[in-house]
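So the chains spell out like this:
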Amino acid sequence: MARTKLYTGIYVALFVIATMQVAVEQIGLLESSYMLALGLITVFSLVKAVVVAGYFQHLVWEPRSVTYVMLLGFVGFLALTVAASYSIL
Amino acid sequence: MTDDNQPRTDGGTATALPGDSHDDDHLPPRWSLKRWLVTTNHKDVGLLYLATAMFFLVFGGVLALLIRAQMWSPRAPGTGVLSAMAYNQAVSLHGLIMVFWFISPFATGFANYIVPLQIGAEDLAFPRLNALSYWLYLASGILVFASFFQGSSFAGGWTLYAPLNIPAFMPSIGATTTVFAIVVFCASITVGGVNFLTTIHRMRAPGLTMRSLPLFTWSWLLTAWMMLLAFAALLAAVMILLSDRMLGTTYFAATTAGGSVLWTHLFWFFGHPEVYIVFFPALGAMAEIFQTFSGNRIVGRKWFIVSMVLVALQSFIVWMHHMFLTSINLEVKTLFMATTIGISLPFDLMVFALIYTLIKGRIRWDTPMLYAFGALVLFIVGGITGVFLGAVVLDYEFRGTYWVVAHFHYVMVSGVTGLIAGLFYWFPKMTGKTYDEFLGKLSFAVYFTGFNLLYFPLFLAWGTPRRVFAYRPEYVGWHRLASVGAVILGIAFLLIIYNLAKSIVAGDDAAANPWPYSTTAEWAVASPPPIENFPGKPSYVSGSLEFLDDDATAAAAADGGTAATDGGHAALESGHGDDVHVDHASYWPVTIGLFTLVTALGLSGLQVGSYPSGLEGLFYQGASVLGVVGLLGSITAMGYENFTAHEGGLGEAWPFEGVENTKMGMWVFLASDVVLFGAFIGAAIFLRVAYGWTQWHPIPHNPIPGLVNTYLLLTSSFTVILALVAAQKRSRKGVVASLTLTFLLGLGFLANKAIEWVVLFSEGTGLDSSVRASTYYLTTGLHMGHVIAGLLVTAYLIWRAWNGAYTDGNDETLEYFGLYWHFVDIVWLFLFPLFYIV
Numbered sequence: 001m002a003r004t005k006l007y008t009g010i011y012v013a014l015f016v017i018a019t020m021q022v023a024v025e026q027i028g029l030l031e032s033s034y035m036l037a038l039g040l041i042t043v044f045s046l047v048k049a050v051v052v053a054g055y056f057q058h059l060v061w062e063p064r065s066v067t068y069v070m071l072l073g074f075v076g077f078l079a080l081t082v083a084a085s086y087s088i089l
Numbered sequence: 001m002t003d004d005n006q007p008r009t010d011g012g013t014a015t016a017l018p019g020d021s022h023d024d025d026h027l028p029p030r031w032s033l034k035r036w037l038v039t040t041n042h043k044d045v046g047l048l049y050l051a052t053a054m055f056f057l058v059f060g061g062v063l064a065l066l067i068r069a070q071m072w073s074p075r076a077p078g079t080g081v082l083s084a085m086a087y088n089q090a091v092s093l094h095g096l097i098m099v100f101w102f103i104s105p106f107a108t109g110f111a112n113y114i115v116p117l118q119i120g121a122e123d124l125a126f127p128r129l130n131a132l133s134y135w136l137y138l139a140s141g142i143l144v145f146a147s148f149f150q151g152s153s154f155a156g157g158w159t160l161y162a163p164l165n166i167p168a169f170m171p172s173i174g175a176t177t178t179v180f181a182i183v184v185f186c187a188s189i190t191v192g193g194v195n196f197l198t199t200i201h202r203m204r205a206p207g208l209t210m211r212s213l214p215l216f217t218w219s220w221l222l223t224a225w226m227m228l229l230a231f232a233a234l235l236a237a238v239m240i241l242l243s244d245r246m247l248g249t250t251y252f253a254a255t256t257a258g259g260s261v262l263w264t265h266l267f268w269f270f271g272h273p274e275v276y277i278v279f280f281p282a283l284g285a286m287a288e289i290f291q292t293f294s295g296n297r298i299v300g301r302k303w304f305i306v307s308m309v310l311v312a313l314q315s316f317i318v319w320m321h322h323m324f325l326t327s328i329n330l331e332v333k334t335l336f337m338a339t340t341i342g343i344s345l346p347f348d349l350m351v352f353a354l355i356y357t358l359i360k361g362r363i364r365w366d367t368p369m370l371y372a373f374g375a376l377v378l379f380i381v382g383g384i385t386g387v388f389l390g391a392v393v394l395d396y397e398f399r400g401t402y403w404v405v406a407h408f409h410y411v412m413v414s415g416v417t418g419l420i421a422g423l424f425y426w427f428p429k430m431t432g433k434t435y436d437e438f439l440g441k442l443s444f445a446v447y448f449t450g451f452n453l454l455y456f457p458l459f460l461a462w463g464t465p466r467r468v469f470a471y472r473p474e475y476v477g478w479h480r481l482a483s484v485g486a487v488i489l490g491i492a493f494l495l496i497i498y499n500l501a502k503s504i505v506a507g508d509d510a511a512a513n514p515w516p517y518s519t520t521a522e523w524a525v526a527s528p529p530p531i532e533n534f535p536g537k538p539s540y541v542s543g544s545l546e547f548l549d550d551d552a553t554a555a556a557a558a559d560g561g562t563a564a565t566d567g568g569h570a571a572l573e574s575g576h577g578d579d580v581h582v583d584h585a586s587y588w589p590v591t592i593g594l595f596t597l598v599t600a601l602g603l604s605g606l607q608v609g610s611y612p613s614g615l616e617g618l619f620y621q622g623a624s625v626l627g628v629v630g631l632l633g634s635i636t637a638m639g640y641e642n643f644t645a646h647e648g649g650l651g652e653a654w655p656f657e658g659v660e661n662t663k664m665g666m667w668v669f670l671a672s673d674v675v676l677f678g679a680f681i682g683a684a685i686f687l688r689v690a691y692g693w694t695q696w697h698p699i700p701h702n703p704i705p706g707l708v709n710t711y712l713l714l715t716s717s718f719t720v721i722l723a724l725v726a727a728q729k730r731s732r733k734g735v736v737a738s739l740t741l742t743f744l745l746g747l748g749f750l751a752n753k754a755i756e757w758v759v760l761f762s763e764g765t766g767l768d769s770s771v772r773a774s775t776y777y778l779t780t781g782l783h784m785g786h787v788i789a790g791l792l793v794t795a796y797l798i799w800r801a802w803n804g805a806y807t808d809g810n811d812e813t814l815e816y817f818g819l820y821w822h823f824v825d826i827v828w829l830f831l832f833p834l835f836y837i838v
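As given, the protein sequences belong to chains A and B, one line each in that order.
Count the first sequence with UniProt numbering and you get residues 1 to 89, in order.
Count the second sequence with UniProt numbering and you get residues 1 to 838, in order.
In isolation and in its complexed conformation, chain B is listed as follows (with noise of 0.2 Å):
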């Protein structure tokens, strides 16, 4: 135990010392719009993400209200406030923006702001990367609310079902830009999680090790983890959709044997992630908030922590029970009910330490108390009605009922329910603002009343069938309930926004702690804290949080402290930032955001191989050149651009000690490489499972020009080798002729793959020849995607190293580029037996 003056991190109590000044450090005003478009600051972009999730949520909430107006009765395809294409998009499209463009961003929002604060870091491991993540986000939001003016945004489902997906029966341009929106939102998703876990592994304050992280850190580390394999899997998912849609691939086509199967693994098994992905930052902050209100350490922390590690990773072998009712054997299915049960176990701990944890302290009840335990009580229905769903005998009878709705929405809804409990929470710490207390209490009753006037009823009309407007009229008395239940919640959510937006105008100002018995850092610094956090380094070391002057960091800065650049520039930071300038602002994220959202919109219009005719098909390619050649630009401006971020691997690094952020962000990114790529080879294996194994003969002829080009992709890795060994001998003229083989062999491979294709389109083996030439051009194709990648990095390179870089001494860059190559190879050493021998 410390003593109860000093800050401390989780298990004490946290008091604030004096806050550091306000200096934005050169950013401009906050009441600025160019503040907010270039700003990189992790607290900048947590406001920016859960703003925008609160407009989503609006967006989300708006359609279920439709949907439920047009549930106020049965009803008869025309009838009813929408149509029958109205109502199916509503419906698909709640369920997206909910799952994809509300609930995960909103808690990323908090992510942001109170991660960096929890583990005594200045900000996020790349403060340009985070804000891009953002940028992508938005794009990818934007897109979905331009999909509904593109004929038909996309209308089947959330799931995105197969065969409903694809142009045969879902022709409009808006659904492929739907399609699209989730791709870059992938992108957003993957760029984050990079960013996140090299954060939390490597700029933890010294002495905070992994046992003493608070838990929302853990619970948000664990949703990282999952993001970056789970959401590699989805991108996968989507990339070869938009294929399907775009170029004439024949993955999920009616007529491919297993390709509506193949959809739902490559879904589910991102999709079931994807719920513990949304609650388990609830679970976090609930835990924050069940401790601070209780006044009570939580109950078996040690196995708390265990429990999450265990169910994050159980979280991707339960996929198949979503898909009880599909044509996969038996034996599958009931391993898979094994492994659904087996995943309940750790849950239920959980569950008990926060009721125990109750039971022993003494509870206060403030809102965002009231808010968490509902959000356990809630999630406890959701729960055990869950349990039904994973028996594959009651699932023949409930899947594609109101049952799995009601299910559904309690456990995702309760999650909603716990991340506002955290908003309630960290409001002062964001805003410098107290809330309304009574209105706070208010919304939740409201809130409390309206869900499950919405949801329960639906346990009690499970027998309508899922996202069908036709329902027997006994159901009729239940869904009338539900729909007053919707305006209800609606109203508690508008109480919400009302009392926040209020107490932001008007609100008293808040205290650096405003909550007895907090326990976690960011609480010890002033609301809202200033731009560098702390007003020093913070440090575990003497057992309880302390702020050390620059000196003593200075010290452990040399101590093995290295340089520290978000892409950018590197410099040797010491101290608080006093001696080196760090940055918070840039424009390309922004700006990279914005040509990601021209290109996609452009690319959409390509549907099955051309664009549409006219000035319509004009401004699609206008759009898709504009696109390509702005993001090339932007990419390369920001790869160039001069930008200094905070370094760690001052304080606690486990288990990455000496492995600098740069490297480790690669080895993550790459790390989700391997799921998007082993989901490509995944679905291709599958589908000649599917076909017959051995009845499926590659498509080209020969392998022989396929090992030419193994000898060359071989020959490339060991260039960039030598280009680093040059670099280490300081060598120039070494570096760039290393360099210059390397693009020379990798421009080879993509001669000899043209040359290959042009004799295949030439014997009339296109894309859409079979499902055969399908996985061939599409796998290959993805491959030869990241050699062009390969190569513009390496062109870049080549002008570097010719204007002296690398060879200073600083040659991480040519380890962290050869990283990436080598990966390329090594796919390569798959792909080639794979598509051209057996």
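For reference, chain A alone in the conformation it holds in the complex (with noise of 0.2 Å):
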């Protein structure tokens, strides 16, 4: 009710921050400067991701420890990934 203001906000940043993870592609960023056009692009998705699990899933009215829960899977995800990615460089 009162927070549809704030969750139609929030969809529209959501659209244009995804706009804008193309245009970093359709500028010729990832040609001219790919780690920089990396680093953009992984930054959009975390911002999108944050914003959709703290309002759209509630995550910032919870108590914390349910946010934990969710930082243990994706902590378990990038151990994951890291280090298997390193022991074969």
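Hint data in this document are derived by calculation from the structure and do not stem from the laboratory.
No residue lacks a Cβ here, since even glycine has one placed at the ideal position from N, Cα and C.
Hints are not guaranteed to be accurate.
What the hints assert, rightly or not - Derived DSS-like pairs: lysine-lysine, alpha-carbon spacing no greater than 27 Å straight-line:
hint, chain 1, residue 1, chain 2, residue 2
1, A, Lys-5, B, Lys-663
2, B, Lys-502, B, Lys-34
3, B, Lys-729, B, Lys-663
4, B, Lys-733, A, Lys-5
5, B, Lys-729, A, Lys-5
What the hints assert, rightly or not - Where chain A lies over chain B, by a calculated footprint (3+ residues, C-beta under 8 Å):
hint, stretch
6, 313-324
7, 828-838
Stated by the list, open to error - If you only want the chain B side, here are some residues facing chain A, beta carbon under 10 Å, derived:
hint, residue
8, Ser-327
9, Glu-657
10, Val-659
11, Ala-671
12, Gly-678
13, Ala-679
14, Gly-682
15, Pro-703
16, Ile-704
17, Thr-715
18, Leu-722
19, His-822
20, Asp-825
Using the hints, build the complex out of the two chains.
Printed below as a string of structure tokens:
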């Protein structure tokens, strides 16, 4: 009810960030500066994910322990991916 | 300290109160087969787990005896009791069955029976899901059994290493069925893990804080967390393997750069925590038994718990010590050697705490104590011999030899020994009968002798190559000794089974609390406990265990107690179940288990994109269709079933106060799904690194269709939120319209993906075209599967909303569905750039 405006604002912001993500590729940044473009695209994804989890999934209004549960899974993913990829460098 | 006449939790003496009536609340009687098919009561499910696990112990044990018979002498292929392939199957399935279908479910049986009693809960949070967890376990076990009759079961070792695990080297349908069995087993574990975590965190009696939680429950809580995350990684691994086998993707193909190393990463990321998943419940049981039979509280209890928590966390950062002989770099090997040494430190503390507890106490050598003490001794041997394998240089020598076999069995089977201690310890509670003490002690003597005769010689014959029946002649003596030990150990198991079976039939009645100095709540109720467990609402608020009457708890319920369901309709529970009927039976878990079995059996016939020809193919296709239709129908029916369960949140719920059971269950499930998707995404990233990051280009030529799909999913997330807002405004039209929009947006997403795939297929880019294509199709395909599942639920919600649901103040279901749908959206936010842009 009271949050409809907030949800709408977030939805518009997500829409814009998604567009910016593709714009990074369309303007040729991946060709000219790959690492910068990769970093930007990754940050955009993370921001979108945090906003969806925080507001659409209501994590900001839940006990912090619920966030930690999700972070546990995410840290597991990071540990596996980073360590495994590093192991073959 | 509390009055010794009062029952209490850990740290004092449990005194039994008069038992409640043994009214099983409209459940069919125990002698009726129907009861065991429909029951959702945690004690019944616990007994089902224990009995089934014992069957698989015998199954795996027979395979072990066949292995030892083959190893009686060094063999050439084609000689001995087993053919070469039969030997490979026996070795592989012995390992798989013992690890997956015996040890963990055996522990799950105890957890089912004992944990709710220890924490003061009448049942688990989601009783039907608990039953479902069991039936999925049984279905997976039947699949393993069936795999022997489908050409050949899996024959590449229990670690299922790549590339031996793909159809090029392991072409039988039975091998696919084995892998499918593991998938179903993982599903069972996930369902069970969600249930136990919700229960232990949310359904503790008032006053039962985490610090005062009994050690067995602590050990199981940590086991459940480890299972939830570790098995999600294994689920990802076996799903990818199934895709390689059934659809023809090329993750683990011999020609894929990094493919075989990828498998070892995924498998051991699960596999090392699995060691603790197996051992922790035994450790918890041992801690309980050491306290009871030494009459002494465990020394350094707080640090014992801290150590368990540390081991649970550290278990996820040691997996690469299983990979020292692969092509991973020296830096990471050194790092993982250090973390491996690190994990031994908290274990040392726990071992010393157990030893010192005995030194400070007065030990009574009853059968449970003998087995628990034996487990500790065996575990110490297993632990010390494992240090060799954690050191890089020594591991170069020992890896792939019988040293590993001996060490591994000392660790894993010491866990079994601890659980057998638990079996004797809790047998009187579970059956209401006492076992034969003489036979119990005799079985231990035979067991300990057989165990060490079997496994210790394997250290001395360590130069024998693992999983091979040819070995140097100088090891013949040690192998024959081991084979004799295997027979003796088998006799010990028969003695145990005979003792317990005889006692169930003709044993003396057991008192509610047969053990002096026992301290946990299960000993404060009758043996076996009544269906609702307690004669009143358990409470520890006064400092000792009390059973409150209905009036007191009704007041508590009014002060924040909420609706209680297991996915069905809600009802406010008050008191001790006298005012509101609490259900204990449902047909749907067993039905879903049955159709899961049929589905998996049918789909196992799908080999690299096609079914076998003729009648055989018709059978597999028919089973696939029947299974899927039956599954959808029975899941829907279970969702609509009117089933009332006990609700938590009336007692201790730290750290999840205010998060209803179903919501917490959903969050916990999503955490496991994060690991599942994480492993899929991690696999794609790993293979790209192996391939050469910048040489790897996205499969879709144009990111715009992907962007359109991003818009569609983001919009659908927004409409789900609008549905919730409409429900809060009591607007039925608003809910229906928002959900319908969500459904249409989801359909649009699928249609867009379908067009994209059709175009790619028409261009000749199939699943097997390249590893790039495989990762793209499979990862986005898994996501599509989640979207489809979400749309099925959305359709159900629209139907319910159309009929007036969710606008009567009960809009929780919409919120819980939203959690899932937004998660699917979040996953896409990462898949889109990874597979379309960079």
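Hint by hint, work out which the structure violates, then give me just those numbers in ascending order. Per hint list: zero violations.
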